[in-house]
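J.: Since each chain sits alone in its own frame, please combine them into the complex, following the hints.
Protein chains in written order, with the working numbering: chain A, 1 to 62; chain S, 1 to 495.
Honestly, the hints are just simulated from the structure, not real lab data. A hint or two may mislead.
[Stated by the list, open to error] Once the Cα atoms are required to be at most 25 Å apart in a straight line, the calculated BS3-like pairs of lysine-lysine come out as:
(1) A/K59 <-> S/K145
(2) S/K145 <-> A/K54
(3) S/K233 <-> S/K379
(4) S/K145 <-> S/K217
(5) A/K54 <-> S/K379
(6) A/K59 <-> S/K217
(7) A/K59 <-> S/K379
(8) S/K379 <-> S/K145
Predicted model, so just to flag it, every value in this text is computed and none were measured.
Now for the letters of each chain:
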Amino acid sequence: MAEQERKQAQKEDVEVDDVVEAPAEQGEEITERIDDLLDEIDSVLEENAEEFVKNYVQKGGE
Amino acid sequence: MRSVTLPKVLGTETEYGITIRNQADFNPVLASSTVINSYAGGRARIQWSFDEESPGRDARGFGFEDSIPSDFETGLVNVVLTNGARLYVDHAHPEYSTPECAEPLSLALYDKAGELVMARATRAAQRFLGEGERMLVHKNNSDGKGNSYGAHENFLIARDIPFGDVVRHFTGFLVSRQIYTGSGKVGSENGRPGVEFQITQRADFFEEEVGLETTLKRPIINTRDEPHADSTKYRRLHVIIGDATRSEVQTFLKVGSAALILDALEAGALPEPLLLTDPVQAVWQISHDPSLGATFELADGRTITALEAQWQYLEWAAKYQREADLPASYGQVVQVWEEILTDLEQDPLSTADRLDWTAKQRLLLGYRDRDGLDWDDPKLRLLDLQFHDVDPDRGLYDRLVNSGRMQRLFTDDEVASAAISPPEETRAYFRGTCVERFGDAIVAANWDSMVFDTGEDALKRVPMMEPLRGGKDRVGDLFAAVETPAELLRALGGD
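Chain S on its own, in the form it takes in the complex (with noise of 0.2 Å):
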């Protein structure tokens, strides 16, 4: 076993689902980018850098160039925030991903942040509308018609973990995870057998093991291997298979329990591998079954269901916990997990108020108990796109927090704090505080890299490929001590 591992470096990045109220000719490229240009508007706007695809070049001509700056048609449509996080266009859909987080509660947070992020950016966009047209963004995963976009986790792990090992340890834990990781979801799509109501949004769309693409024939395992820091050392896992969540609480354990898998299984502390004889059948077999009664089977022969899965894996990481020199929280991943499973097994109804697939469900019992509704009335299917709406007076989600029916973590201005302020503890905090103190100088941002023009000679890069360095501990002092950009690129003795 090793004695210490790789600091778990985590985010994640969240494609909204998008639409326009009564716009006969909605283009969800047109409107990502709306949304997107408005929130940056009175905020620093920095551009992207590496960037091939130029989404926003199509919002040309959309026809409200009298209202709005000359730069918004220039394709800024991928743009640094504050708090060190990248908001943009993917494809037809506004995305958010979180600055890197340096343990799962600040990761949490910060992807509580983007949801108020893009409620805060959707409202902005509502004055580009015609009347009676209103902006829409959803939390979620699918729109029940065969199409799903992704809620991506990502970990940083040990380049010499041999990809072998993951795929064998890892395929196991995300396949029977998904009893705590789903949002829910009425039906079924991409010709998967019929279902009433299923645990998870995307669970349909897995049809792979393992493979690189991310849109089609999605794989449990993706391989994508763009570490965004020095890949002599790391490897950015990139994790396909699971929902956006809107639960603090869900989203913690999410992420929390996945990194303390990985930390184990990069310490060698994962005894042996859960190995599955059908994984890709076992995810929407487990997602179909809301019960929890599914099994799986496993290649020593032993037929289990998701819950004893989890239960082993629990244990695993708990002893590995108890050992290992982690972060605080993941202590309270440990807690978490154990209350979650210990619920579920007795019945999963009573964990409504911490994850947004039984919360879901509670709310379309309660409606199909009350109107006397079938699974396929377009009602039911409104309420499960409804819950995951970002406007918190709309948002189904938002109304069970505000009638105090879910669990959460952080308080509203923690969030708020969130969405301008980077976390200390990562080269996100240098990003962010680089954009906001020095916005107007910097030329260009990335995960691992900036470029500044001082107004001084030519433009200069700084490279921040260690995500642990760039933190308050080691730039705090410099960026008090500075007050203009090339003093600061002076003092990081910067080329």
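So here's chain A without its partners, still in its complex pose (with noise of 0.2 Å):
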């Protein structure tokens, strides 16, 4: 019943066109990838991370 459904779903006339894919990827080059981000990454870091999360305190709200 529940894939009865969801095939249905998938005809119903939507807007995909505004979705822009991310391109896909497999295996090793998705490790090339992360790696490379990290690196990208490392450099906008905040300095001192133990102080930083210390630091980082929130009262009231909501």
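T.: Shown next as structure tokens:
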């Protein structure tokens, strides 16, 4: 039943053009690209992680 | 089944985390005031009316009187933007409430525009800081130390739907939707069992099934009843159990699926409620299991997973969506919903291009692998926080987007435009256009009214009790035909 519903749902007229697909990747390529990403993130990460995390206190709200 | 349900007018309110690096006596109220005023400084600054709190008064004596206009200190930390949104200080956080939106794609856009507003405000506030100090604003919901702040979703529903029906049908939905509404968190808080990484920021903080509170003993179903509209017809369902999300696809799915379920509920199209024997426990147990294997018990004796529950809700919602006359984006909600559940079922990390929590998890796992870090390493906690930084250069979510790793629904231009221009389908169009065109004449504004001083006679109040009136279709020609606020009010037949 659920399967049937899913198939029908897929046929619905929807605007998917707005969704920009990220390129699909596999295996080693993913690892490589994640390493690249981590290198890039290293360059913007806040310095002194321990102190930053310790001082990050949020009081009040909602 | 009702043939016609009330249109689901939608909005979100998001409290942002705030801190100043290298400032020993950091005060979050003052910092929040600085952020809001810095943004509002060059724009129309209109007082929000009927506000009991005046957190801005605390801004007196902040120490930069010399460099700022004198009205900076007078409590103007509650402003209406030209896009119809509200930007203000809520307790100790800067907060952005979207304008009212008529469907979920629009809401996802205006929620995203709020991030741009905050990013701009944060940069503008920087000039008030001392050397070496840096303002940081995060779209997150927890400091990792037991303090949580909200991301609330609002749905206009019919007053005559018995609230007990909302509780019975919606609780199981809210509990199980966490698998695609979470933005991820390292560790646990608030006395919950220890965990390395969990799906949501907020789950640890929910302790009741139903209640009025939002700051302690938080309930899954919140009973706050302020419709900001005709209260004889409407109820504004104030959903407090959700994470602030940065992924556009995720925000769209989060608000769209909830709106669709509520509309189906209103139409009588939900055949039977999934009643949980212990929903409060299920909230954190689901969040604490990123493998999605956690099960919970139903009152009928069945034991199911959050995924199974969501497939059931999707089946009902998809059937309803096919039969009902709803805005087109609800078809897209159904499709995204199905894709996300399918992918979560196969491999949760395969959704890392669409969901914050899996995107964050992938980053954390990458760092653990590369650097051999334990889960309690401060660097992982830092990554967790910095994921949410709204600064486009520093925020890790933005780094993922900029390197093509996250799907988007909107272009940068669309987001920039939404930060300035209101949605055209709701009264936010009237509010935002008035702020843009006649800001100097507006004495006060609120969700459901505006007060004008046109220089003639007494102040004039324009009530706006119908959220779907005041859109471009109704007042667009009017705005085109008038040149002054006095003409506008005369044309409205106003008193």
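J.: For every hint, state whether the structure bears it out.
T.: Comparing the hints with the structure gives:
A distance of roughly 10 Å separates the Cα atoms of A/K59 and S/K145; the hinted pair therefore holds under the 25 Å criterion. This hinted pair checks out: S/K145 and A/K54 have alpha carbons roughly 9 Å apart, not beyond 25 Å. A hinted pair counts as satisfied when its Cα atoms are at most 25 Å apart, and S/K233 with S/K379 does not qualify at roughly 51 Å. Under the criterion of a C-alpha separation no larger than 25 Å, the hint pairing S/K145 with S/K217 is consistent with the structure, at around 17 Å.
Pair hint A/K54 plus S/K379 holds up; C-alpha atoms about 11 Å apart against a cutoff of 25 Å. Using a Cα cut-off of 25 Å, the hinted pair A/K59 and S/K217 holds, with the two alpha carbons roughly 16 Å apart. Only pairs whose Cα atoms come within 25 Å are accepted, and A/K59 paired with S/K379 is accepted, the gap being roughly 23 Å. Annotation: proposed proximity of S/K379 to S/K145 holds, straight-line Cα distance about 16 Å (limit 25 Å).
In summary, the structure is inconsistent with hint 3 from the numbered list given earlier, while agreeing with all the others.
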